[in-house]
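A.B. asks: Spelled out, the chains give:
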Amino acid sequence: MSAVSVLAAPMAPSPIDAPDIDYATISPLLIVLGVAVAGVLVEAFVPRAYRFVTQVVVAVVGLVAAFGATVWVATDLPEVGGDVPARGGPTAMGALSVDGPAVFTWGMLLLFGVLGVLLFAERRLDGGLSAFTSQASTPPGSTDERRATQLRIEHSEVFPLAVFALGGMMFFATANDLLAMFVALEVLSLPLYLMCGLARRRRLLSQEAAMKYFLLGAFSSAFFLYGIALTYGYAGSFDLGEISTAVSNRIGGENLLLAGMALIMVGLLFKVAAVPFHAWTPDVYQGAPTPVTAFMAAGTKAAAFVAMLRIFYVAFDGARWDWTPVVWGVAIVTMLFGAVVSIAQTDVKRMLAYSSIAHAGFVLVGLAGVVTGTGLTSLSAILFYLLAYGVAVIGAFAVVMLVRDAGGETTHLGRWAGLGKESPLLAIAFTLFLLSFAGIPLTGGFISKWSVFAAAWEGGAWPLVVVGVVASAIALFFYVRVVVLLFFAAPQGDGPTVAVPSPLTSSVVVVAAAVTIVLGVLPGPVLELVQQVGAFVR
Amino acid sequence: MSVEPFIGLSALLFTIGAVGVLVRRNAIVVFMCVELMLNACNLAFVTFARAHGNLDGQVAAFFVMVVAAAEVVVGLAIIVSIFRTRRSASVDDASLLKL
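Going down the list, the protein sequences come from chains A and B. In case it helps, the working numbering puts the first sequence at residues 1 to 538. In case it helps, the working numbering puts the second sequence at residues 1001 to 1099.
In case anyone wonders, no lab produced these hints; they're calculated from the structure. No residue lacks a Cβ here, since even glycine has one placed at the ideal position from N, Cα and C. Among the hints, a few may not be true.
To be verified - The following label-pair restraints were derived from C-beta to C-beta distances:
id	chain 1	residue 1	chain 2	residue 2	range
1	B	Val1059	A	Gly82	24 to 34 Å
2	A	Tyr23	B	Gln1058	36 to 46 Å
3	A	Arg152	B	Leu1096	20 to 30 Å
4	A	Glu254	B	Val1019	35 to 45 Å
Bound-form chain A, shown alone (with noise of 0.2 Å):
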């Protein structure tokens, strides 16, 4: 074909046609978007004296308000007949896929939104300053440094930036072309490098955990997307469906959907974490402001792993033999390796990443055993886990966030002997969220262990569950050595100091204490929810 019959089209003129974009559908993406471009004007238009208080309050209601159109949304989505459950359907000519599985996870990270927010505005643990430096331009341990500290300047951005990675996060789990979820991983991740450089106190461990990131991260993504381009060479086309289509009819050269396949999964398991693609996770848990690792341990693995999950079970699932063995191997290394290097960790919120790393394979586990139909599906076992290990994970670093002494945050575990005499109820409330990362009954930790197993033994994959049974084993015993740590340890010295929070925080450890409990002892509704939610809509 000659370049002249693509480029320069007969020129009839034909009229265009005005995409069909359902807006109602799709309102709470762009609430969450508009809320950030809200975020943008009030830093440029409100006087910096009550520039911090607008940001929080328009966050904080613009989140809120888009929980609300979700709940609107989700009541409202169409069933689809087929021989699975779904609901939903394609909108914005094919570009965004708004079926249950997507309300869903736009719910639940609106949930850790709102709840990172909060941490993100509390100013009373360090002298009525928030986490966030004063001037990321001025050098650490500079005069400007400490002129803008005196003069209580303060980088109110970081509430527009979390808005803009929150709607990233969305439209990640949401798109149905591989070209608008490149987009999306973008602007999930762009605002997310630079709030890890923020920190107040520590400000070059923030710096090169940002540089590490975002060099890795850009990496990543360049991997994904050379993946998604000889996907595009072997398809045809970008969307989900039609390459589907392709892939179950076995077009084209069979090497470029192989290396195209390889390669976005490179991209998506950096993003989830799993090893051998999680040596940024450590670094960059423990170098970022303590608010922001709680955002983004929580929404960044939710959104990948519904992505990921729609792209291998929508677009790649006739390749299913080709892909499985693949996450089979990943997942084994992953769950053993996050629980044995955990062990050796001393720093608190180093161990809480390297967990972060086990559950990354736990998850992968569910991905690994395909169940679809009625009932207990995998998709619907990952989301109840990606939601109890979310709400646990910021509850745990909003914890982190409140044992302190006179450098700032105490991250090391010695540091930590004794908090069950210091403060009983933070000590309680953290060894909960550790049972729960455990997987002990009771908690939402092990009803979402359980399904996600159940789910993969359902799904054929048994060698895969008995793995996780023993890194769960491992890991169990490196968080009891924690708790006995926090209770019956002698303290270092005076023994660690645990600040006095605002009203913001303490409603954020009670929030998650509290969906943690729920999911463990009540989790009917919840998991009738995810099984409402039915399969991915293309």
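Knowing the structure of chain A, use the given hints to seat chain B on it.
C.D. replies: Coordinates of chain B only, in the frame set by chain A:
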């Protein structure tokens, strides 16, 4: 005209970029290598667009350019702030975060 030479060139550029990210030590050069990888993707997109006879791939190339520009803004902001602190943009010097 066959697409193989173009895809071969794009794969070569992508590999040069990936190897550069792994072996170079200056953050700016590492970042330039990432940009080279993105441009290799663009070449693949337009080649496949030609092969399939649709415009999707060419549109994708524009999206990638816009995203790459946004990435430059964020990346240079981070690298410059580190350079101001350390007077060095070497990725080996930034090694405070360890086990």
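A.B. asks: Holds or violated: 20 to 30 Å for the Cβ distance of A:Arg152 and B:Leu1096?
C.D. replies: Taking Cβ atoms as reference, A:Arg152 and B:Leu1096 lie about 28 Å apart, which means the hint holds.
A.B. asks: Can you tell me whether the CB distance of A:Tyr23 to B:Gln1058 sits inside 36 to 46 Å?
C.D. replies: 28 Å, violated
A.B. asks: Could you check the hint for me, namely that A:Glu254 and B:Val1019 are 35 to 45 Å apart, CB to CB?
C.D. replies: 26 Å, violated
A.B. asks: Look at the Cβ atoms of B:Val1059 and A:Gly82 and judge whether their distance stays inside 24 to 34 Å.
C.D. replies: 31 Å, holds
Figure legend: structure checked against the earlier numbered hints; hints not met, in rising order: 2, 4.
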